[in-house]
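K.L.:
Read off the chains here:
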Amino acid sequence: KQEVTQIPAALSVPEGENLVLNCSFTDSAIYNLQWFRQDPGKGLTSLLLIQSSQREQTSGRLNASLDKSSGRSTLYIAASQPGDSATYLCAVPNYGQNFVFGPGTRLSVLP
Amino acid sequence: GAVVSQHPSRVICKSGTSVKIECRSLDFQATTMFWYRQFPKQSLMLMATSNEGSKATYEQGVEKDKFLINHASLTLSTLTVTSAHPEDSSFYICSARAAGQGYNTEAFFGQGTRLTVV
Numbered sequence: 340k341q342e343v344t345q346i347p348a349a350l351s352v353p354e355g356e357n358l359v360l361n362c363s364f365t366d367s368a369i370y371n372l373q374w375f376r377q378d379p380g381k382g383l384t385s386l387l388l389i390q391s392s393q394r395e396q397t398s399g400r401l402n403a404s405l406d407k408s409s410g411r412s413t414l415y416i417a418a419s420q421p422g423d424s425a426t427y428l429c430a431v432p433n434y435g436q437n438f439v440f441g442p443g444t445r446l447s448v449l450p
Numbered sequence: 033g034a035v036v037s038q039h040p041s042r043v044i045c046k047s048g049t050s051v052k053i054e055c056r057s058l059d060f061q062a063t064t065m066f067w068y069r070q071f072p073k074q075s076l077m078l079m080a081t082s083n084e085g086s087k088a089t090y091e092q093g094v095e096k097d098k099f100l101i102n103h104a105s106l107t108l109s110t111l112t113v114t115s116a117h118p119e120d121s122s123f124y125i126c127s128a129r130a131a132g133q134g135y136n137t138e139a140f141f142g143q144g145t146r147l148t149v150v
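Sequences listed follow chains A and B, in order. Sequential numbering of the first sequence, starting at 340, is according to the working numbering. Sequential numbering of the second sequence, starting at 33, is according to the working numbering.
Please keep in mind that the hints were generated in silico from the structure rather than gathered at the bench. Take the hints with a grain of salt, since some may be wrong.
Partial list, computed: chain A residues near chain B (C-beta under 7 Å) [stated by the list, open to error]:
hint	residue
1	Pro379
2	Leu383
3	Leu388
4	Gln420
5	Pro421
6	Phe440
7	Pro442
Lysine-lysine pairs mimicking PhoX-like chemistry, simulated, CA-CA at most 20 Å apart [claimed, not checked]:
hint	chain 1	residue 1	chain 2	residue 2
8	A	Lys407	A	Lys340
9	B	Lys52	A	Lys381
10	B	Lys46	B	Lys98
11	B	Lys87	B	Lys46
12	B	Lys98	A	Lys381
13	B	Lys73	B	Lys87
Ideal Cβ positions, reconstructed from N, Cα and C, are used throughout, including at glycine.
Next comes chain A alone, as it looks inside the complex (with noise of 0.2 Å):
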């Protein structure tokens, strides 16, 4: 059974700072990973999309690298900033097409 989990639980920081979120699953046969975004009483927001054929993927200040062997995932915020506070969460579809979810990261970026 896929388990994931996230490493922090919780991060504050000052504005500025670059970040690396941990995520890790214990199925490394997997088709993709994906990061969310989720903001408080609100539903997901897709981050980033990485295959299990890729290394990496970036969009903007954001980049996720995929080790697929060893069942980790990073998600890098650069320069972070206020507006990036939310829970990000990693998830890697089952076999029936769901999503488990990792627990979540809650970031806090103080100004």
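Mind docking chain B on chain A? Use the hints.
P.N.:
For chain B alone, kept in the frame of chain A given last:
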């Protein structure tokens, strides 16, 4: 990108009543939609898989008679919480992939529904 619309975004109901939540794929057809539940400060957990034209598949521990799922068309799935109780208060969110798309494609999520049972 593809859009999944979920309605209502927020609902407050009395204990014992039923609430229907709709999930629509606006610009693509989805043979399968997924319903997740998120309790405060917890991650999303799959409740059930909704299949167009057939019965939904429920995860272990989810009561199928309490959480009724209907997927009557390729663009609409509904989740009805029957005889709601305060412990059903949660954030419910649906997702869908376009029909015929495999595991390597992006899934899209609705905006979520905050259910509060008083």
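K.L.:
Tell me if Gln420 of chain A is really an interface residue toward chain B, meaning its C-beta lies closer than 7 Å to one of theirs.
P.N.:
violated, 23 Å
K.L.:
Hinted pair, alpha-carbon criterion (20 Å max): Lys46 of chain B, Lys98 of chain B. Please report holds or violated.
P.N.:
holds, 16 Å
K.L.:
Tell me if the straight-line CA distance from Lys52 of chain B to Lys381 of chain A falls inside 20 Å.
P.N.:
holds, 19 Å
K.L.:
Interface hint check: Pro442 of chain A, Cβ to nearest Cβ on chain B, cutoff 7 Å. Holds or violated?
P.N.:
holds, 5 Å
K.L.:
So if I understand the rule, the pair passes when the alpha-carbon distance is 20 Å or less; does Lys87 of chain B with Lys46 of chain B pass?
P.N.:
With Cα atoms ~28 Å apart, Lys87 of chain B and Lys46 of chain B exceed 20 Å; violated.
K.L.:
Taking the closest Cβ pair, is Phe440 of chain A under 7 Å from chain B?
P.N.:
Status holds, d = 5 Å.
K.L.:
Hint Leu388 of chain A vs chain B: min CB-CB distance below 7 Å?
P.N.:
holds, 5 Å
K.L.:
So if I understand the rule, the pair passes when the alpha-carbon distance is 20 Å or less; does Lys407 of chain A with Lys340 of chain A pass?
P.N.:
holds, 16 Å
K.L.:
Closer than 7 Å between Cβ atoms is the bar; does Pro379 of chain A clear it against chain B? Give me holds or violated.
P.N.:
violated, 10 Å
K.L.:
Hint check: Lys98 of chain B vs Lys381 of chain A, CA-CA at most 20 Å. Holds or violated?
P.N.:
The given pair, whose Cα atoms are some 24 Å apart, is violated under the 20 Å limit.
K.L.:
Can you confirm whether the C-alpha distance between Lys73 of chain B and Lys87 of chain B stays at or below 20 Å?
P.N.:
violated, 31 Å
K.L.:
Given Leu383 of chain A as an interface hint, is the shortest Cβ-Cβ distance to chain B below 7 Å?
P.N.:
Nearest chain B Cβ about 4 Å off; hint holds.
Violation of the numbered hints given earlier is confined to hints 1, 4, 5, 11, 12, 13; the remaining hints are satisfied by the structure.
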